[in-house]
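Student: Now for the letters of each chain:
There are 4 protein chains.
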Amino acid sequence: MGVLRFLNAGESHGPALTAIIEGIPSNLELSSEYINRELARRQQGYGRGGRMKIEKDRVEILSGVRFGKTLGSPITLMVRNRDWENWTDIMAVEGQPVEKKEIKNPRPGHADLTGGIKYGFSDLRNVLERASARETTTRVAVGAVCKRLLEDVGITIGSYVVSIGELSVKELMQEIPLEERFKNAEKSEVRIPVPEEDEKFKKLIDLAKEEGESLGGVFEVFATGVPAGLGSYVQWDRRIDGKIAQAFMSIQAIKGVEIGEGFQLAGKFGSQAHDEIFWGKERGFYRKTNRAGGVEGGMTNGEPVIVRAAMKPIPTLMRKKSLRSVNIETKEPFDAAKERSDVTAVPAAAVVGEAMLAVVIAEALLEKFGNDDWNEIKERIFQYIQHTKEY
Amino acid sequence: MGVLRFLNAGESHGPALTAIIEGIPSNLELSSEYINRELARRQQGYGRGGRMKIEKDRVEILSGVRFGKTLGSPITLMVRNRDWENWTDIMAVEGQPVEKKEIKNPRPGHADLTGGIKYGFSDLRNVLERASARETTTRVAVGAVCKRLLEDVGITIGSYVVSIGELSVKELMQEIPLEERFKNAEKSEVRIPVPEEDEKFKKLIDLAKEEGESLGGVFEVFATGVPAGLGSYVQWDRRIDGKIAQAFMSIQAIKGVEIGEGFQLAGKFGSQAHDEIFWGKERGFYRKTNRAGGVEGGMTNGEPVIVRAAMKPIPTLMRKKSLRSVNIETKEPFDAAKERSDVTAVPAAAVVGEAMLAVVIAEALLEKFGNDDWNEIKERIFQYIQHTKEY
Amino acid sequence: MGVLRFLNAGESHGPALTAIIEGIPSNLELSSEYINRELARRQQGYGRGGRMKIEKDRVEILSGVRFGKTLGSPITLMVRNRDWENWTDIMAVEGQPVEKKEIKNPRPGHADLTGGIKYGFSDLRNVLERASARETTTRVAVGAVCKRLLEDVGITIGSYVVSIGELSVKELMQEIPLEERFKNAEKSEVRIPVPEEDEKFKKLIDLAKEEGESLGGVFEVFATGVPAGLGSYVQWDRRIDGKIAQAFMSIQAIKGVEIGEGFQLAGKFGSQAHDEIFWGKERGFYRKTNRAGGVEGGMTNGEPVIVRAAMKPIPTLMRKKSLRSVNIETKEPFDAAKERSDVTAVPAAAVVGEAMLAVVIAEALLEKFGNDDWNEIKERIFQYIQHTKEY
Amino acid sequence: MGVLRFLNAGESHGPALTAIIEGIPSNLELSSEYINRELARRQQGYGRGGRMKIEKDRVEILSGVRFGKTLGSPITLMVRNRDWENWTDIMAVEGQPVEKKEIKNPRPGHADLTGGIKYGFSDLRNVLERASARETTTRVAVGAVCKRLLEDVGITIGSYVVSIGELSVKELMQEIPLEERFKNAEKSEVRIPVPEEDEKFKKLIDLAKEEGESLGGVFEVFATGVPAGLGSYVQWDRRIDGKIAQAFMSIQAIKGVEIGEGFQLAGKFGSQAHDEIFWGKERGFYRKTNRAGGVEGGMTNGEPVIVRAAMKPIPTLMRKKSLRSVNIETKEPFDAAKERSDVTAVPAAAVVGEAMLAVVIAEALLEKFGNDDWNEIKERIFQYIQHTKEY
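Chains as they are written, first to last, in this note's numbering: chain A, -13 to 377; chain B, -13 to 377; chain C, -13 to 377; chain D, -13 to 377.
Source of the hints: derived by calculation from the structure; they are not laboratory data.
Do not take every clue at face value.
[Unchecked claim] In the DSS-like style, the derived pairs of lysine-lysine whose C-alpha atoms are separated by at most 27 Å in a straight line are: (1) B:K90 <-> A:K86; (2) B:K274 <-> A:K317; (3) D:K267 <-> C:K267; (4) A:K254 <-> B:K173; (5) D:K169 <-> C:K156; (6) D:K55 <-> B:K317; (7) A:K267 <-> B:K169; (8) D:K267 <-> C:K317; (9) B:K375 <-> B:K364; (10) B:K87 <-> B:K55; (11) D:K364 <-> C:K87; (12) A:K90 <-> C:K254; (13) A:K188 <-> B:K254; (14) D:K195 <-> C:K254; (15) B:K55 <-> B:K274; (16) C:K375 <-> B:K375; (17) D:K254 <-> B:K86; (18) A:K90 <-> C:K274; (19) D:K364 <-> D:K87; (20) A:K195 <-> B:K254; (21) D:K317 <-> C:K274; (22) A:K55 <-> C:K317; (23) A:K317 <-> C:K55; (24) B:K55 <-> D:K156; (25) A:K189 <-> B:K274; (26) C:K254 <-> D:K324; (27) A:K364 <-> C:K274; (28) A:K375 <-> D:K55; (29) D:K364 <-> B:K90; (30) D:K173 <-> D:K189; (31) A:K375 <-> B:K87; (32) A:K254 <-> B:K274; (33) A:K364 <-> A:K267; (34) A:K156 <-> B:K375; (35) C:K173 <-> B:K364; (36) D:K364 <-> A:K375; (37) B:K267 <-> A:K254.
Construct all of the structure, not just a fragment, from the sequences and the given hints.
Tutor: Right, here's the structure in full:
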């Protein structure tokens, strides 16, 4: 049994999205407002279609919190789908389906076809309702709870977009410190850490929209203040880089994950690829570079954890640039196309990435420092951080 | 409880490396010779140092197999460290340590320093003995058992090296089919799928050796014959791409993982980034491209699964190009250097990658098709494969 | 990762009780009415206090079911606490506590005191809200989903009360077949399988009520139609008797669990303690006795699974017979007493026992036969049942 | 992922029994001698057949321990089957079976028949080799490691036999304190805590042996010094009584488990069934009775944990009193009988019970107090114990 577990649930157009988190200690301060802020961050982003504007997600905490503090008991988070009243027919829990509204056309790049085969469905809506990235709403809510916990011990998690389509700020952002990149991204509709480039990115999105295209991109998530020693090399599935990779690759449309310099390290000579070790009286051991992205030997090493992920373009395209596919009933080819869709979801995915990193680090923290009363655990963490400095 | 579990164990210079695998069905044919072949593959590779030549790993099966068939009971695999007799003093289970042989100098890029802090050690040998990539020996052994299972239902797993340092065959190999790449790699000392390039790669390694440098690289692992529908979108931790990413990122020195076209997809327009769906009477639904690397919506989609991983250069360097670090006791800086070391371990890592992919796919298979008697499970799999063609 | 997982949540007087179940296959027929029937069964029972009459639990299915069939995606079950409007002050998620209403008096036999120590609470309501047996509501809801699945393959789960306080029908029921015991119990306010004894049991409860006492008892849960071979001897934590024992002992106030003849077997000679094996052309191997309660070697053996559990009396007593305890703040002794309480909850606990047995068997079934499409899995199960007859 | 995991393996007549334990912190003192003492305790007991005398189990530690201290890495324990040389033909890993030696006669009360059906075997030896209680050898070895850990923080685990067949010391032992019962049991060949009764028990065993009978019995395992607050009520599968029940019921031949007064509590009035709460300046809160057996609300409450288990008689009987069964091939009935067998294994099972309780408590301890460096964790535990006294 893991020390921190959660399950989420909910169809995209069902009555509500829900999550139950188990293992959050008692006496952690938590409010729905705190979670709502994160939900709102996920809903921003230039180039999102209509739905994001209609629905402003709000969480209801149904259990596990009393007078603004956690109880140690499982926390239920519920986010109603505000659009539900328009879907009661198509998504009814009971009753009979309206056959003509069944979806028979599987979209390329989506779970539709394989989901239908796997679960034995003739209506592909049964797949897409759950496979949709709408599911990440509750990941962000769960991640918000974890962030709340992490910030109490000085761990900050942030993100920014590195590239959208072929436009990249990778080089331009090099001189900007992590925290500042994050601050800039928070103010940018495209989450770009280099303010001067904002307009270029928006123009690209506008252009893609006109062309009926969609765009992917790369984002970076970081965590600062993480103590050395989370995760472990003693068993392959305790390595925190592995867990981070799973957490990120499990986000819809993510096709690549890097930690630190990632693939770039593969091309370097050994003498250029590692972080030398230094020592200072105040801070103990430290590095001057962070090529490893804060993880060595499957453990955090005290430097900022840096994760980069690649998102493929949203597969739902508009009229002009449709993709070919085949109807599952008639076996007739058709053109997969839609009236409208988001152009890109990279900024939102970055926020989801923050949530997943928060979950992984929070779990590693509780695994290392134990459970139950957050006041007690915090003390243990602060003592350990002191130990890492004095080692 | 997972349907397929394993734990491995063993220090690099201890008496033996061991693994226990639980959940392999009964009636699977399995021999130690089969496993030994995989162990030997891991030990090959141009540019390996002395140890690989000294030690030829051989597995002993201590449980779970009788008369060449699995019993459904846990399988114990043991690989003795042939060098153990030279280490009985330093690695003694009982008795007293010889203090002068303690390791106080943490190597950059390794687990040494953080491991010492985390576990409270003053002798860093306690860390490096387990954090070493020697641990992957039993991963390969466990992976061999899974491969044995997979090949019974037509699933083949293979690998090749794409690049070492700055030398790459990424473009050159494009026209070569997967299976042929694999065949070529099997004959190459550097696991390169393009035979003509072999010499170039070896020269690079020779050069690096002379310079006292080490090299990283990129490798690709594939699985063909995987039925559509392994893994699932219904819960984030059931997504098979997430599990693959964890499995690969958990390999020592891996810093990046991609599925299909990976990071490249982030730069493409939506109309160029997905695999259109076609249908034929014999084979049912299929794709003509495989940009997704065989995974959509967290599930295998019936196309070959393709995973790429980036390995950083071995951090142990030789005299000329040493890295700076600090003694944990005296806090004096020192130069981390060694007399000899491997130049590169990318070809070996590719074989480890095969093992990890085999484990992930075997587990997903047993999760989907159930457990116990392999003869019965095979039938279920063949029936389902038929269903995927007739859907 | 288990193939069937669930988390439940909810405080006793919070807004709602919730559960998310993950791993239920697609295409299982399921209605809220079916679940409500089970919820109602849990709320019956002679000798329950006021609350059971006020609140009639009703489930809302928030996800995972569409047009009366499961989607393979996680199922969210929510049962609102109808009394919630009277508790919005005391159980508010946000805002400030009303200090005078804090609970400082820990009740003997409850989680109050230890919960306060463990989680660092000064208000023991933070403990009792979650430790309460009210939590079993969602266990019953989850169990109902599992029962629905089991009945599709001919597995029936039922229960009856064997004793309350010192009154027992253990001997009297011996000649009555399992199914009939169950039928009788369903008609009895005390769930007694011997109708003639009903009045005696009620009188005992009346008497206890007058005396301000509470009563425990013993109940039996059975499952018929379970195929041989669920669970396994290959690893200790795969044994189904172990899982059953955990599931039952985890029900509030349960202090003992037996399978088959249980403790009685310990006093018998070997020749009297086992079930001889017979064989018939139609049914294959079978037993004429069922001392083992349907489990041998950690596996179901094809005979009915029979589990017995002992429940201690409800610790909340009324005025006359209070128990001594000590205030956590003042350290002053006090008398733990209440105006009113249930006299006994044994009949309700039996229904909870059914739910837990359903969960364990459903999980074992999915582990053995695999996942995803219930139509496909059912076929596998029927084929296997045929195999068990032909072995 | 659990914080403490282990897998064991090994066939009864295979080359060796093995276990890998993962999650034991670093810097715990551990020797093979310590484990061997526990292995020897399991092998004692009046009324054991020949094998116990032949084989004296000795553990080899293959990993995870260096110079008498744990490394935090997985610990491999191996116990060779000394008789292996006589079984190399029948239990060969490779090669061909000698058909005539196949076992076709399933024994009642064993896993033989169901195991054959489940795993698709025609030779039932494939089942019984693993289903045998020989497997508990490594449970005891793993338990020894956990005991080593527990005793460092003042937790002692012991056991004694309460009854064998119809002979019981339940009443006679009431006045003897727990620790003394244990001391007495350690000196008794039948593990009886009342020395004067020893001869009676031995005579019963002699008598049974003469009659060709076997005997079951009841044993009790206790843990003293367990701090309040291990386990939790927040989720059903975190309750420590549930985990204890699973751990005990999973021991071969166990059919019933009780905590504290167990089934007896079901017959009592509420006012007689609970433990009143007291408080003293030195020790804080405490109870004068321990009817709950140290567990309330799914958590340890600071009083000794007391578990009782019922073992059915060994199903292997001798000539005179054989049980009927049916050959799996010919379907001919036969008499299941053997030349020789143990008469009773209750004393050994008690030692296995100690091991399982040690595992459960150690895991709960690490879950609550965290992981990695035992020196650090011990401090946390001592601080918490202080807190429980000052609450």
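Student: Each of the hints needs a verdict: does it hold here or not?
Tutor: Cross-check of the supplied hints:
1. B:K90 <-> A:K86: violated, 73 Å
2. B:K274 <-> A:K317: holds, 17 Å
3. D:K267 <-> C:K267: Violated. K267 of chain D to K267 of chain C sits at ~73 Å, over the 27 Å cutoff.
4. A:K254 <-> B:K173: holds, 26 Å
5. D:K169 <-> C:K156: violated, 38 Å
6. D:K55 <-> B:K317: Cα-Cα ~26 Å, so holds.
7. A:K267 <-> B:K169: Violated - the C-alpha atoms of K169 of chain B and K267 of chain A are around 55 Å apart, more than 27 Å.
8. D:K267 <-> C:K317: holds, 10 Å
9. B:K375 <-> B:K364: Status holds; Cα separation ~17 Å.
10. B:K87 <-> B:K55: violated, 45 Å
11. D:K364 <-> C:K87: violated, 37 Å
12. A:K90 <-> C:K254: violated, 64 Å
13. A:K188 <-> B:K254: holds, 17 Å
14. D:K195 <-> C:K254: With Cα atoms ~14 Å apart, K195 of chain D and K254 of chain C stay inside 27 Å; holds.
15. B:K55 <-> B:K274: Between K55 of chain B and K274 of chain B the Cα gap is close to 39 Å, so the pair fails against 27 Å, i.e. violated.
16. C:K375 <-> B:K375: violated, 32 Å
17. D:K254 <-> B:K86: With a Cα-Cα distance of about 67 Å, the restraint between K254 of chain D and K86 of chain B is violated, given a limit of 27 Å.
18. A:K90 <-> C:K274: Answer violated: K90 of chain A to K274 of chain C is near 53 Å, above 27 Å.
19. D:K364 <-> D:K87: Violated, because 54 Å separates the two Cα atoms, which is more than 27 Å.
20. A:K195 <-> B:K254: Cα-Cα ~14 Å, so holds.
21. D:K317 <-> C:K274: holds, 17 Å
22. A:K55 <-> C:K317: Holds, at about 26 Å.
23. A:K317 <-> C:K55: holds, 26 Å
24. B:K55 <-> D:K156: violated, 48 Å
25. A:K189 <-> B:K274: Since the Cα atoms of K189 of chain A and K274 of chain B sit roughly 33 Å apart, the hinted pair is violated (cutoff 27 Å).
26. C:K254 <-> D:K324: OK: K254 of chain C and K324 of chain D at ~20 Å, within 27 Å.
27. A:K364 <-> C:K274: Not satisfied, since the Cα-Cα distance of roughly 60 Å exceeds 27 Å.
28. A:K375 <-> D:K55: holds, 25 Å
29. D:K364 <-> B:K90: holds, 25 Å
30. D:K173 <-> D:K189: holds, 17 Å
31. A:K375 <-> B:K87: holds, 25 Å
32. A:K254 <-> B:K274: The hint is violated at about 35 Å.
33. A:K364 <-> A:K267: Judged against 27 Å, a Cα distance of about 24 Å means the pair holds.
34. A:K156 <-> B:K375: With a Cα-Cα distance of about 44 Å, the restraint between K156 of chain A and K375 of chain B is violated, given a limit of 27 Å.
35. C:K173 <-> B:K364: With a Cα-Cα distance of about 47 Å, the restraint between K173 of chain C and K364 of chain B is violated, given a limit of 27 Å.
36. D:K364 <-> A:K375: At roughly 21 Å apart (the allowed maximum being 27 Å), K375 of chain A and K364 of chain D satisfy the hint.
37. B:K267 <-> A:K254: violated, 49 Å
Figure legend: structure checked against the earlier numbered hints; hints not met, in rising order: 1, 3, 5, 7, 10, 11, 12, 15, 16, 17, 18, 19, 24, 25, 27, 32, 34, 35, 37.
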